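Trainee: In case you want the letters, here they are:
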Amino acid sequence: MLVKIDIPCRVQGDVVLECIHLSEDLVREEMMFRVMFHTAFVRSNSLVLGRDDIDILWDTKDQFSKNFKSEVSYCYSYVTVIFQVSRQ
Amino acid sequence: MGGIVTQLQDYFPDASFMVFNFREGDRRTQISDILSLCDMTVMEYPRQYEGCPLLPLEMIHHFLRSSESWLSLEGQQNVLLMHCERGGWPVLAFMLAGLLLYRKQYSGELKTLEMVYKQAPRELLQLLSPLNPQPSQLRYLQYISRRHLGSEWPPSETPLYLDCLILQVLPLFDGGKGCRPVVRVYGPDPSNPANRSSQLLFSTSKTQKHVRHYLQVMYCYAIHAECEFI
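As given, the protein sequences belong to chains S and F, one line each in that order.
Following this note's numbering, the numbering of the first sequence begins with 1072 at its first residue and continues without gaps.
Following this note's numbering, the numbering of the second sequence begins with 57 at its first residue and continues without gaps.
Possibly wrong hints are sitting among the right ones.
Claimed, not checked - In silico EDC-like cross-links for lysine to aspartate or glutamate, where the CA-CA straight-line distance does not exceed 16 Å:
1. F:265 with S:1095
2. F:265 with S:1096
3. S:1075 with F:219
4. F:233 with S:1101
5. F:262 with S:1077
6. F:233 with S:1095
7. F:262 with S:1095
8. F:160 with F:114
9. F:262 with S:1130
10. F:262 with S:1124
11. F:265 with S:1077
12. F:262 with S:1123
I should point out that these hints are in silico values taken from the structure, not numbers from a laboratory.
Quantities reported herein were computed from a predicted structural model and do not represent experimental measurements.
Could you build all of it, start to finish, from the sequences and the hints given here?
Mentor: Structural data, given as structure tokens:
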């Protein structure tokens, strides 16, 4: 299953993108992952990031590999950020 | 601090010192006042960028150029000191790794970063940064290492239009049930070139209408019906 989240915005230079899980009350937040990158080094119209390319909680890998191996071995296996290169 | 400075000056009697301080807030710090009184040049940098223990590429470039020219002045014994205030260790480690790669004293981004991080207990890094910052830091170290491949460094800031974020596998939160993702994007506003400071450029609206709840059980529907998920 792919989850697609629209993030329409223009960026230039150093960008921080963070993805947060929102609890049922739509107030409490839990950080899922964060990515910092620079637009000059994005060569194609997408940035494909594996689990080792995104900043995640310290204990996610260890904790999950011990207790939730089957579920989480594929967690965050790929994150794709799709860009459209604007012509200016 | 006075004691350390005296010790350093005794140990390197003919040396000049330049200090890079990664400060906690926005204001000039007490330590830079103290060190300036001891005849040391102090340059201050922030310790994070939108919560990430990294600095914008322009600032990294400034740091690398200043350090390099200070250390390569001929006929002088120049010493470079790096100091961080509370919470600044992750960014100091990154900048030191960047400098070692820039000066070709080390090679290999991961190896260099890990070597620097080993200088302090690993628990300190985990305490100061809730997320493991190394993937983003390694990306920026690669930007530094690859500077010879391009003619211009730092490169001009290419504007991009972000379209969407695709998660190819559902991250499991809510006790393993699924997730309700919200995305925020920070950076300088391309429509305001005069102000290069970072700001919130996009945020998913936190309303029931905009925030979708993806459940693990939806896998089977997605496979069979190829419904709304891509």
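Trainee: Can you name, in rising order, the numbers of the hints this structure does not satisfy?
Mentor: 8, 9, 10, 12
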